[in-house]
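Using the sequences and the accompanying hints, generate a full structural model.
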Amino acid sequence: MDQTFWTYFFVILTFGLYIGIAIWAKAGSTEDFYVAGHDIHPALNGMATGADWMSAASFLSMAGLIAFLGYGGSVYLMGWTGGYVLLALLLAPFMREFGKFTVPDFVGDRYYSKVARVIAVICALMVSFTYIAGQMKGVGVAFSSFLGVNFNVGIFIGSAIVFFYAVLGGMKGITYTQVAQYVVLIFAYTVPAIFISLAITGNFIPQLGFIGNAAGTDTPMLEKLNTLVTDLGFTEYTGTTKAKIDVFCITAALMFGTAGLPHVIIRFFTVSSARAARKSAGWALMFIALLYTVAPAVGAFARINFIETVNEATYISDDENYDARSAEILAEGGKPVPEWYKTWETTGLLAYDDLNGDGVMQYRGPAAPDGVANEVVPNNDIFVLANPQIANLPGWVIGLVVAGGLAAALSTAAGLLMVISSAVSHDLMKRTFTPNMSEKQEMFAARTAAAVAVVASATLGAFASSLPFVAQVVAFAFGLAAASLFPVIFLGIFWKRMNKEGAISAMLVGLITTFSYIYYFKFVNEDPSLWLFGVSPEGIGFVFMWLSLVVGIGVSLVTAPPPQDIQDLVADIRIPGTRRPHGIADVGMTPDMPGLVPDSAE
Amino acid sequence: MAEIDVTHEPGEAAKAAYWRSAKRLTLGLLCVWFAASYGAGILFREALDSFSIGGAPLGFWFAQNGAIYIFLLLIVIYCIQMTRLERRYGLGG
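Just so you know, the sequences run in chain order A and B. Numbering of the first sequence is given in the numbering used here, commencing with residue 1 and proceeding in unit increments. Numbering of the second sequence is given in the numbering used here, commencing with residue 603 and proceeding in unit increments.
Hints are all accurate, no fakes.
Between beta-carbon pairs, the in silico distance windows are: (1) A:PHE9 x B:TYR671: 30 to 38 Å; (2) A:TYR8 x B:GLU648: 48 to 56 Å; (3) A:ASP39 x B:PHE636: 33 to 41 Å.
These stretches of chain B come out as covered by chain A in the derived footprint (C-beta under 8 Å, 3 or more residues): (4) 615 to 624; (5) 641 to 651; (6) 654 to 666; (7) 669 to 678.
Some chain A residues near chain B, calculated using beta-carbon distances under 8 Å: (8) TYR71; (9) GLY212; (10) THR238; (11) VAL247; (12) ARG275; (13) THR293.
The set of hints was computed from the structure by calculation and includes no laboratory data. Each residue gets a CB set at the ideal place from its N, CA and C atoms; glycine is no exception.
Here's what the structure looks like:
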């Protein structure tokens, strides 16, 4: 009861905060709505990017995934942070200097082609819709598991909140709510991590506990963990059975995918200049690293704790009195199932099947030396969620973790929503089919598109509850972003000769090959022996990214070079502060030119 | 890729020199980026694992923690160096 009270308390408090910010940060112009007026401070934008980037998957699932995969989980850690180096060095400052609103804006104008723009819109929509469905599902899970609210009602409440601040405030409202959401989520993540680190290693800094000794011993924590898992028949924690080429390709697909994700790129349009965009990428990675360097520690600690407390524990069924029975088991010299396990069992995140009928919970890997079959199946998400209780933290911390999970899901959903609505109102309507719209009409279209997108993604999220959706979605979103958007944006900046024909063929090749490969191996035939070069669907985006680059360059070389206006545009965006309008490159929309307005003006 | 555009107004030489330096810096930093993650964390992990940092095998640590610190450091260096380049060539306001 106490815990439910605190969960309601934090969820209502934070939701109220988001609504308050939305009212305060109402968008007054399309520039406010799409890019928050181009005047967000780099550090603030970094924080917003952190929340935008870290989704329900990062917050709830990643540490658990690492706990089970051990070294194999490194692909997420390196993949989802290394992309920021690419963003900072290769894309963000130049995209900012380009001075418009969206990713399809860049593709459409740089490649002087409505066809290219529309294909970029399709890529952006496919990436964003698959991604947002997972967020909505996360919101539904959080509500149904912790607040006793029906799954679909949970999605409805979450969408209503996002609807409110995204539709009202656009990018401006989203930016400030994301800043608040970052604070909520990082606090909710690190507080339990500090306590659990103290319990397992005796060091209160999780990153140091990770490389330190197990509490009260001279054995390194990781060595202890390796012994624990191999004794139970799992692969060594610091090793992997995965092929090296696959680990390489998955990491790379996640990195290049990160750099090509539209909802991440557009965050860098909200700062004032190329220099601010670079700084902002640094701030963003710093805020992200705060969670990402803690996650592997949490994963390792959680695995140790899980094995020590659950394996060989005597089960207590729901009809028995927990306190009385556990005292009895202790008196007999046994180990009762921990209390947190019983609390979380009802959520369906933990399953126990007493195969040998001895009433004791045997947790084993696939190659258990004693030949005992595994009886306990934990879900990845349980580790972050149960951490506060495992570490004996008060009930309010659990409420905070739920609010943190919701903050992570809602902030990412809002960023994606922005990409979807601007793709429709700005790229398809204003810049392609109905260029004569007034600014007022475009704002109205943007708000309507955001509203429709909220409803569509909530529906997708509700459907996703019946599918093993989230893992597949990740492969799709990152693979498509890496193979379809990254190559044309990169070449658009670093190779003046890249032309319309090259860009269109590069995007189509990347999109079609990656989509087909993932679809085939995820939904038609899952046989890994047929994988191209032994690369799984999660990593294939990296392979087809090269194909896309080669096709783009090849086709450009055999067709006419881009017009002089375009080459001048490319020259301008490379050199900070020299951006000027260039004929066909800027038909229909004047770029924001940071160089013309000194920083001190206004 | 390194063509120098001569159709622009004055300062063209400075711009070209700036862009050349920027590309060289970017390439250098990307080499470190590759070495820290794909190199230390994946390709040469086993070899590095025979060393340790604290109680963690070094290659494993790079893959789960070290690479992230280096990424952050790389962006910081990039920001400082690019601002310095902009000042040297009088660019960027």
